[in-house]
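**Student:** Sequence:
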Amino acid sequence: MRRFATATWILGAAFAAGLLPGCADVIAEQGRVSADPRGASAPVRGDTRADRRAYYAYTRSVWAEIQGDLEAAVQWGREALRFDPSSRMVRNHLASVLLKKGDFRAAIHEGEEILAQSPNDVQAHLLLAAAFQGLRNVKGAERHYKEVIRLDPKRAEAYLFLGNLYAETRNFSEAASVFESLIRVNPRSYLAHYSL
316 MRRFATATWI
326 LGAAFAAGLL
336 PGCADVIAEQ
346 GRVSADPRGA
356 SAPVRGDTRA
366 DRRAYYAYTR
376 SVWAEIQGDL
386 EAAVQWGREA
396 LRFDPSSRMV
406 RNHLASVLLK
416 KGDFRAAIHE
426 GEEILAQSPN
436 DVQAHLLLAA
446 AFQGLRNVKG
456 AERHYKEVIR
466 LDPKRAEAYL
476 FLGNLYAETR
486 NFSEAASVFE
496 SLIRVNPRSY
506 LAHYSL
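Taking this note's numbering, I'd label the letters of the sequence shown as residues 316 to 511.
Hint data in this document are derived by calculation from the structure and do not stem from the laboratory.
A hint or two may mislead.
Unchecked claim - Each pair of labels, with its calculated beta carbon distance range: (1) GLU483 / GLY383: 22 to 30 Å; (2) GLU386 / PHE487: 38 to 46 Å; (3) SER496 / ARG397: 39 to 47 Å.
These numbers were taken from a predicted model, which means no experiment stands behind them.
Note that beta-carbon positions come from the ideal geometry of N, C-alpha and C, so glycine has one too.
Throw the hints in and build the complete structure from the sequences for me.
**Tutor:** The following block contains the structure:
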């Protein structure tokens, strides 16, 4: 057990040092690791520390989500967007956390912000489809699942989710058609075979 704890600590240190550049600088500037993202100062135009702070806040958001603290994950995600409002990666993460929280309208807002920057962002379309489905907006979910299939025809989960959406709404002929389309794209998709 002790060997595992040591290995975990070493991996954590390597992860922080190698994959999270800028986090150590932010911690050094603040003097501690704060659990409250509201304590950070506002970004200044041309401030090279803003990127590091955005990355630090994003990393804290991911960590809070892993720990199951979705409220903190949302706070840190919004803090990261304050430093880097154009980051699609951060917005995608924030939208997915909002989905997990059940805040579908806020997730839709973030997804639409992503699509305003990048209309062909497949992940944003998937998040929007899930959010619309959470609001029981079948047409909105259907539109985004179909857009994912158009943008990435081999993306199996879009077919599966769309087929299940049709099945939930008792539109079984459309569901079967979607699953058959997936089998044509990916004959090995056992879920498509099972769903038929």
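**Student:** A separate judgement is required for each hint: does it hold in the structure or not?
**Tutor:** Results for each hint:
| no. | hint | in the structure |
| --- | --- | --- |
| 1 | GLU483 / GLY383: 22 to 30 Å | 28 Å, holds |
| 2 | GLU386 / PHE487: 38 to 46 Å | 40 Å, holds |
| 3 | SER496 / ARG397: 39 to 47 Å | 42 Å, holds |
Every hint from the earlier list agrees with this structure, and none is contradicted.
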